[in-house]
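Protein chains in written order, with numbering that gives the first Met the number 0: chain D, 0 to 611; chain U, 0 to 611; chain F, 0 to 341; chain G, 0 to 341.
Rather than coming from a laboratory, the hints here were simulated on the basis of the structure. Certain hints may be false.
[Said to hold, decoys possible] A few chain F positions that, by computed beta-carbon distances, are all more than 10 Å from chain D:
#: 1; residue: S225
#: 2; residue: N229
#: 3; residue: G242
#: 4; residue: L261
#: 5; residue: D264
#: 6; residue: I319
[Stated by the list, open to error] The list that follows gives simulated cross-link-like pairs (lysine-lysine, DSSO-like), each with its CA atoms no further than 27 Å apart:
#: 7; chain 1: F; residue 1: K317; chain 2: G; residue 2: K149
#: 8; chain 1: G; residue 1: K317; chain 2: G; residue 2: K341
#: 9; chain 1: F; residue 1: K268; chain 2: D; residue 2: K187
#: 10; chain 1: G; residue 1: K137; chain 2: U; residue 2: K156
#: 11; chain 1: F; residue 1: K15; chain 2: F; residue 2: K192
#: 12; chain 1: U; residue 1: K418; chain 2: F; residue 2: K149
#: 13; chain 1: G; residue 1: K317; chain 2: F; residue 2: K149
#: 14; chain 1: G; residue 1: K185; chain 2: G; residue 2: K198
#: 15; chain 1: U; residue 1: K113; chain 2: U; residue 2: K142
#: 16; chain 1: U; residue 1: K116; chain 2: G; residue 2: K15
#: 17; chain 1: G; residue 1: K268; chain 2: F; residue 2: K268
Note that beta-carbon positions come from the ideal geometry of N, C-alpha and C, so glycine has one too.
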Amino acid sequence: MTKKVVRINEATIRFAGDSGDGMQLTGTRFTEATAIVGNDLKTIPNYPSEIRAPLGTLAGVSAFQLMFGSTRVFTPGDMPDTLVAMNPAALKVHLRDLKKGGNILANSNAFTDKNLKMAGWEADPLTDGSLEGYTVYSMEMSKLVGKALESSDLTSKGIERTKNMFALGVLFWMYNRPIQPTEDWLRKKFAKNPSIAEANILAMKTGFNYGETTEIFTTSYSVDKAELPKGKYRNITGNVAVAYGLVAAAKKAGKELFLGSYPITPASEILHTLSGLRNFNVKTFQAEDEIAGISAAIGAAYAGALACTTTSGPGMALKTEAIGLAIITELPLVIVNVQRGGPSTGMPTKMEQSDLLQAVHGRNSDATIPVIAPLDPADCFDCAFEAARIALKYMTPVILLSDGYLGQGSGPWQIPDPKSLPEIKVSHPDSSARTEAGFMPYSRDANEARPWALPGTPGLEHRIGGLEKENITGMVSQDAENHQIMTDIRARKVQNIAKEIPPSEIFGESKGKVLVIGWGSTHGSIHVAVARAQKNGQSVSQLHLRWVSPFPPDLKAICDNFDELLIPEVNMGQLALLLKAELIRPIHQLNKVRGEPFRASEIEEKINEILG
Amino acid sequence: MTKKVVRINEATIRFAGDSGDGMQLTGTRFTEATAIVGNDLKTIPNYPSEIRAPLGTLAGVSAFQLMFGSTRVFTPGDMPDTLVAMNPAALKVHLRDLKKGGNILANSNAFTDKNLKMAGWEADPLTDGSLEGYTVYSMEMSKLVGKALESSDLTSKGIERTKNMFALGVLFWMYNRPIQPTEDWLRKKFAKNPSIAEANILAMKTGFNYGETTEIFTTSYSVDKAELPKGKYRNITGNVAVAYGLVAAAKKAGKELFLGSYPITPASEILHTLSGLRNFNVKTFQAEDEIAGISAAIGAAYAGALACTTTSGPGMALKTEAIGLAIITELPLVIVNVQRGGPSTGMPTKMEQSDLLQAVHGRNSDATIPVIAPLDPADCFDCAFEAARIALKYMTPVILLSDGYLGQGSGPWQIPDPKSLPEIKVSHPDSSARTEAGFMPYSRDANEARPWALPGTPGLEHRIGGLEKENITGMVSQDAENHQIMTDIRARKVQNIAKEIPPSEIFGESKGKVLVIGWGSTHGSIHVAVARAQKNGQSVSQLHLRWVSPFPPDLKAICDNFDELLIPEVNMGQLALLLKAELIRPIHQLNKVRGEPFRASEIEEKINEILG
Amino acid sequence: MSESIIEIEELNLTRKDFVPGNEVRWCPGCGDYSVLANMQKTLPIMGVKKENYAFISGIGCSSRFPYYMDTYGFHSIHGRAPAIASGVKLANPDLAVWVITGDGDGFSIGGNHMIHALRRNIDMNIMLFNNRIYGLTKGQYSPTSLLGKKTKSSPFGSVDRPFNPSAIALGANATFISRALDVDAKGLQESIKRAQRHKGASFIEVYQNCIIFNDGEFEDVENKASRPDNALFVVHGEPMIFGKDSDKGIIMNDHHPKVVTLGKDWTEKDLLVHDETNSIITNLLLEMTFDPTNPTPFGILRAVEAPTYDDMLVAQIKEITEIRGEGTLENLFYSGDVWEVK
Amino acid sequence: MSESIIEIEELNLTRKDFVPGNEVRWCPGCGDYSVLANMQKTLPIMGVKKENYAFISGIGCSSRFPYYMDTYGFHSIHGRAPAIASGVKLANPDLAVWVITGDGDGFSIGGNHMIHALRRNIDMNIMLFNNRIYGLTKGQYSPTSLLGKKTKSSPFGSVDRPFNPSAIALGANATFISRALDVDAKGLQESIKRAQRHKGASFIEVYQNCIIFNDGEFEDVENKASRPDNALFVVHGEPMIFGKDSDKGIIMNDHHPKVVTLGKDWTEKDLLVHDETNSIITNLLLEMTFDPTNPTPFGILRAVEAPTYDDMLVAQIKEITEIRGEGTLENLFYSGDVWEVK
Ligand SMILES: Cc1ncc(C[n+]2csc(CCOP(=O)(O)OP(=O)(O)O)c2C)c(N)n1
Ligand SMILES: Cc1ncc(C[n+]2csc(CCOP(=O)(O)OP(=O)(O)O)c2C)c(N)n1
Ligand code: SF4
Ligand code: SF4
Ligand SMILES: [Mg+2]
Ligand SMILES: [Mg+2]
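Looking at chain D on its own, in the form it has when it is part of the complex (with noise of 0.2 Å):
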C-alpha cells in the first residue's frame, strides 16, 4: 500500500498521558525534531496540580502541546489537530479541546474497565461510538512494545515505560519527522545504559514502522521548513532564556552573576539552569526563603555583582519589603516574577498575567521602578539581558514579569552571535572619588544614577541604608524638602527610561479603527488574531508593550490614531486600568483568568464585536 503525504503548513499536536507516562519528555524529543526539520514552532506543557495524582486520575493527565508550522509560529495553537491520549483520563481530560474531526492516537491496552471507571467514562469511548467525528486510531501501544522488546534485559515494567517511545515514532512518522536525532540523544542520555537506550530506540523504531506499514495509517503530513531569518537556531524555554540573558549581561558588564532565590513553581528552572553554571562564574545562593533570597541579592549587588532573584507571585510577595530598600538604596537588581494563577497559592501550575499591579505600584509608598515583560520564549533572553543593562546604567531594581506560559513554554531562539551583544559599560569609582569634602555616594551622573562605589576601595567608605537619604550626601535625612527632592529623582530615573525604548512596532496600519493593545505572553494570540482580521480586511493593527513601566513616549501618539483600543489580557483588566489612567480614554477590554492563554480566536471575536 502506498500510503499519501499531504502537505499541510501547520499543525498542532496534543501529547497526553498519566504523569509516569513520559508525556513532557516525548512532547519535547518531537520538538527538537520539528525544530530541525527547520519548522517555526511554539510548545506549552501543562502538567497537573503540584502533586503527583494517582495512577490513572484525572487529576494526573499531565500533556505537552506544540504547534508548528512553515510560515511564522505565535503561539503553541489552540485546539489541536492531533491528540495522543495514552490513558482514558487523558483522553477524557483533553478531549474537548480537539478540533473536529481531529486525530487521536490511544493506547487501547490503558483502556481497562478499572482505567475507565477513574476517568469518569461509562464505556469505552474508543469502541462506543462516541468519538465519531474524529478520527481514532487505538493501537495496543503496551502489547506492541511488549513483543518488540521480548528479548530485552529491561523488566516487563521497564518494556511498559518505553511505550510512550512508540507513540513518538508513530508520530514521527505520521508527520516525517527524522528520528535520528532522538536515536542519538536516547544513547547519549543513556550512556551508561545501553539496554535501556536500545530499547528504548526498538519501542520508537516499531511505533514509525507500526505507522508505514500497517493499514490503519493512510496519511501521513509533511510541513515545509519556515521562512526564518538566517541564522543558528535552537529551541529554548523562557526560563532557561532568562538565565541565559542574565549570564550573557554578567559576562557584557565584566560582573559576576549572582542568583539569591527560594525555588517556587513555575519559576525554579531559572535556579536550576544557574546553578549548573558554577564554571560561567555564576553564584547562586539557595535562601531560607524569598526574602533572603532578595536580601542576599541586594548585599551582592552592594557588593559589586551583577544580582538578580527569581521567583512567583507569592514569593514575589514577600519580597515587597526588600524590594523597597532595593530602591531607596538605589541599587542595581533584576528580580524576575514568572507569573502563576492566584490570589495566594492559586493555581501554581498554571499561567496568569495577573502579578502586573503588584509589579508597578504593589508596595508601600511611591516607590517606582522599571517593569519589562518578554512576549514569548526567545524575548527573554532579550528582556533579561536588556533588565540586566538598565539596571547597571540606571542603578536602579528592575522588574521582569514572565509568566508560567512563557516560562516552561519554548519556541527556537535566533542564537545571537555574543560578540555582536552590546557591551554594558559598568563603572566603579576608586579612591580618586574622595574629594575634600568626602565621598558623595548620592551624586548623580547625567541619567541621576548614583555612583556604584564598592566595599573594599580605599577611601571611600560610607553607609547606605533604608533610611531616606539627603541627596547627593547620603547622610541620613529626615528633612521635608529633602525627601520631596528624593522621590522627585526616583520617579525621574524610572522616566528616564523611557527614552531607552525604541519606536514601538506597530503591526498592521499605524491609523486605523481597532487597536489591539497587549503585554507579554498574550503577544502571540493577538498577532494571529490580527492577522487574521487583516485578512479579512478589518482596519486592525497590534501594539505590543514590553516595557510597561515607564510606558514608551510614542504611546499616546499611537493610540490616538486609532478610533478604539482592546486590551486582552489574562487578568481582570490590569495593564486596561494603567492605560486608562495614562490616556484618559475608554478601552475595550477582553479578561480572563482559567489559567490558560488566549485563543486567538477568542481574541478575533472580540474584535469582531468592536467592528460590530
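Given the coordinates of chain D, work out where chains U, F and G with the ligands should sit on it, guided by the hints.
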C-alpha cells in the same frame, strides 16, 4: 496693671523643645484643658526620627501643635500663632512656620553659647534683633522654677525638668484655660511621689502667675465654646480610636477580639492600648514579625474571633502574601495600616498617604479587598467599627488606611452611646448545616458570603486553604471555569459593599466649577481650603471618600456635575490614578511628599490656579 | 506522663471517622502514607472529640496532610502554619491543634515561626516530615539535606551544612521533642500519643522517605535488617541499649557519647540512662544524629513541664477581669477626661 | 586559635580611623557606646584593611551602629542583615563582614535568617546586642525579655517564655559562640578578636543595658561589686572558677551544672574544665543562663572548625571550572540541539 482679654475665634499653638523637655506631655495637658473649655480642636505631635538625638541638637527637637476654636476645627492648624521654644534648636527648626507677627515664648536660660552653636545660630536671636516682626517673650524659665522650687525635695535636675510646666502655666494664663484639671491629673499621676506632683503644680502656677503679674504680657485671649453637637466628649488620638472601634465592634458582634501584631511606628499605640484591655475579652499576641501577626490573626479568625492586625507601610509590605490567603479563604479580618513616609524605612515618624495603591492593588493576582480610610482621629473609631462590621458580614478581610497624622494626632470625640451602636449579626452554622452531600464551606448567602463554620462544631469538619477552591463544595480545584467563577465572586463581593455606602455628602453646591476630592487625613485641610474658597464666592465643593475600594456608587454622577476635579494627596497621585481610570477624565493633582500634611493655603492656591 | 493516668472519655471513635472521602494524592510508596495511617489510628483513642481537632499545615507534599484527615483543616501558606496555629489555639483553647509541616516548610521558610512557637510553649503539636528534600517543588535540596547532596539546584553537590531540626527545637527551649520513623508504627503512635497529651508545644520529627526525589535517604534505619544496629530507641529511665542482639549501649565518655559492647568490659549499669527531662542528655542524643560512629536516636528525646502561653494568657485575662471587672463599652469610652456639650 | 600564630600585617591603623565625623545618637548612658568604642579599638589591630570591613545591620537602636563606624556600612531593613551579609560575603569573599543586630532585629523578625546564616557557616561575624527590649520602638518586650516583664505591650506582664540566643545558636550548629558584657572591655575585645579570626559564622551575644526602657536588666553582672559572684568567665582548657575570692566552681552533677565551694570538699581538680569544642559543655553553660542557682557564663562558649560555605562555593567554582573550562557565551548558547537556517 489691668490686662486686656481679647476674644478670638481660633488659635494655633506649637510647643517645641528638646526630646527630653516633655513637649508631648505639655501639649497633651494643654489639649485636655482646652477640650474641657469646650473648644473644638485638633492636635498633631511632631517628633524627630526614631532615635533619641543628643540634647540640644536640631535632630533632637520634638514638637506638639494644636489648633482650637469656637467654630469647628478641621486641622491642627497651618502656621502657629504662638510658638513655645524651650531651646535654640527648637526655635531654629520651627521659626519658619510661625505666622508673621506671632508670639514666641522662649526659655532664655537655654540660649547658652553652646546651645546656640549647636543649633546653628550665629548670635542669640532673642537679643540680636533677628526676631523682629514677632512678639518675643523671653523668660528665664529655668531660673524661675529654680527659685520657686528652692525648698522642694527635688534634685536640681528634677527641678529643671519642671520648666515645661512653667511654660504650660504661662500658656494657660495667656489663653485663659483652667489649671485645675492639670493639677488633678498631676496628683493622680504622681500619687506615689507627691513631692514631684507638687513641684510640677507649683511650677505651673508660677508660670500662670508670671503671666498674670509681670509686665511683659499685656494681653490674654479667650476663645468661646464651640458649637459642637450636644453630648459627651473626650479627646482621642486616631490610634486609640481604632482600638476602641475594634473593641466596640467585637462587643456588638458578641465576639472576642484578637489582635496579632508586631510593634512599628506609628502604629504601636494600637497594640499598646489593646494590650491593656485584658478585662474586655481582648487577646493580644505580640508576634515575632508582621507575617506571624497577620497569620495568627487569620488563625484566630478561622477559630471564630473578630481578628485584626495592625502595622505601618513596611510591615504591610510583609503581610502581602498572607493578605492573599485571607482573601482566598474568605475569612473576616481587619488589617490596619497607619501609613508613614517611605519607600522602605524611609521617614518612620513622618506622615504620608502613599500606601493607597499597595492597599488596593498591591498583591499577586487579582485579589480585591475593601479599603476604608478615616478622615480624622475621631473618625478612626467609626471606620474601625465599620471595617469590622463589613468584614464579618461579607466574610472578607478589610484594610483600614490610617496614617501617622491621624494615628498620633487627636481631636474631640463625641462619645457614642454604646447602646446606639448597631448590633453586628454574626451567625455560625451548626451541625444541621451538614446535608447528605456533606457540608458546603463555599456555599453563598445573599451577599455571596460563605458560611463561617467554626472548628469545634460537630459534623462540619472541612478543609480550607490557599489553593483555589471549588465554589460551593470547597474542594481543591484547578479547574479553568471554576477559577474564573471564583475570581468573579471575589471581585463582586467587594463591589457589593458599595451598597453599604450611604449617599455621598458634598460640602458645598452639588454642581459647580471645581470639585476637590480627597481621602483620608487630607479631609481637614481640604475642608478649610474649600470653605475659604466658598467664602470668596468661588464655585468649589468638596467630596470626601471614606471607602476607596469600592468607590461609592454615586461617585461618577457627582463628578459629572463639576467642570474640574482636583485631588490633593500626600503622595505622588495615587487616588488620582485610580479615579482617572474610573472616570476616564482628566484630573488636577496636588501632590507633595514632605512628611507633613497639606496646609489649607496650599490647596487654596491650587484652587485659584485652576479657576484661573 | 504515664498513659494510665489519663482518662479517656468513651467517644466511640474509630479510624474510619478520620478518613475523608477524597483520594490521597501522594506518590505510591511515599512515607507520608504510613504517618497518615498512624495518625488516623491514634487520634480516636486520645479522648478528644473529633470536631475538636484542627490540622494546620503550610505548603509541601507533607502539608497536604489536612486534606486527608476528616477533621477541621487549614492548608495555609508556605512556612506560616505555626503562626496560624498559634492564633487558632489562642482564639479557642479547647481545640487540639496540630501543625503539619516539612523540612522545607518548617525549617527553611518557616524556621522563625517554628522556633517562636516552641519558645512560647503554646499547647499544640508540631509534626515535621523530614525527608531532607523539597518534594513538592520536585527535588531541590532542603536545609536538612546533607552536605554534598546533588539535586536539581545543587548539581555539583550542596555546600550548605544541614540543620538537625530537633537540635534547633532544643535550642528554642522546646518542652517536648521526639523523633520517629515513617515505617515504625509503634514509635509513631507513641510520639503522637505523648505529644497529644503533652501540655505545651510538642515537636515530633518524623524521618520520612521521599521515594521519588530522595529515595533511601534513611536506608540504614528504614531497612528492618540494619535498623537495630543503626537506631537507638530511648525510653525514659532506661539504659541506652541497641543492636540486633541488644548488646550495644551508650556511655558518656569525656562529655561525648560513645558506643560500647556489653559483655566483658561493660555492663548495663555503666550505660547512660535516658532522662527526658535533662537537656544535657537530650543534647547528647542529638549530637549522635549525624555521627556515623553512633546510632541515630529515636523516641521521646525530651519532655519537661512548663506553663503554656495559652494557659497564662487565659489566667491573666481571668485575673485582670476579676480585679477590674468585665470591661464595658461605657468603661472604655469614658476612661479619659470627659466633658459635656449641653 | 591562639593569637600568636596569626600574623598581623602592619597597617598602622588606629582607633581614629574607625570614627566617622557624624554624631553618635544613642541615649546618654546607653550600653551601645561601650561596644562601639571597643569595636573601634579592636579592629585596627586585626590585620584587616579598613576598606575591607563591611558592617551590615537591620533596624533598631543597635542597628544604627554602622553609621558610627567609618567603614563600609549598610543599615538595611528589619531582621534581614544576616541574609544581606551573606550576599555581600559571597559576592566578595575578601571582605570582613560584620552583622550588627538586636534581640528584636536578630531574634524576633530576623530569627530565621540568623539560624540559617549560622548553619551555613558563612564566614562573617554576627554581634547581637541583647538588651531584652525593643529600644527603638520605645519599649515593648522582646523575645529575650523575661517571663512576666511589664512593658508597653505587656502592661500586666508578658506570658512569652524567653529565648536564650546563644542556645539557639548552638541548636543551629554554630561554629563560634561567645557572650560578652557591654561594660566589660576586656571580654568584649576578646570576643571581637576571636570572632574576627574565626573562619566561619561567629555569634557574639552582648548583654547590653538599655538605660531608658530596661535599665538594670543585667544589674547583677553589670555591677562591679556583684559581678564576680554572678558571672562565670570561661577560658578554654581551664577549670570553671568564679567568685569574688575565686573560691567557687562548677561541677557536673547528675548531668546538671552545680556550684560548689572550693576548699574542704572540693578542689580545682574536681571542677569542669571548659572545652570550647565540646557541645555538651557549651550546652551545660547555656543551661546556667536563666538559672538563679548558677552564675551567668561569659567568654568563648564554643569554637570549632568546620568548612565554610564561602570557601566551599569558591572551591566548587574552581573545581568545575578546571574540569569544564571557563564557560563562554558560545559554549552556553550552543549547549542544546542547534540547527541552521541558511
Ligand atoms: C512563598 C512560597 N515560596 C515557595 C513556594 C514553593 N514551595 C512549595 S512547597 C516547597 C518546599 C516544600 O518542602 P517540604 O516542606 O520539605 O515539603 P515536602 O514536599 O518535602 O513534603 C516550596 C519551596 C511556595 N509555595 N510558596
Ligand atoms: C518591618 C518592620 N517592622 C517593624 C519595625 C519597627 N521596629 C524597628 S526596630 C524594632 C525592634 C528593635 O529591637 P532590637 O533589635 O532589640 O533593637 P534595640 O532598639 O533594642 O537595640 C522594631 C519592632 C520596622 N522598622 N520594620
Ligand atoms: S514527591 Fe516525595 S514526598 Fe512528595 S508525595 Fe512523592 S514521594 Fe512523597
Ligand atoms: S533606647 Fe535604650 S537601647 Fe536605645 S539608645 Fe536609648 S538606651 Fe540605648
Ligand atoms: Mg521535605
Ligand atoms: Mg533590643
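Q) Which of the stated hints cannot be reconciled with the structure, identified by number in ascending sequence? A) 8, 9 and 12
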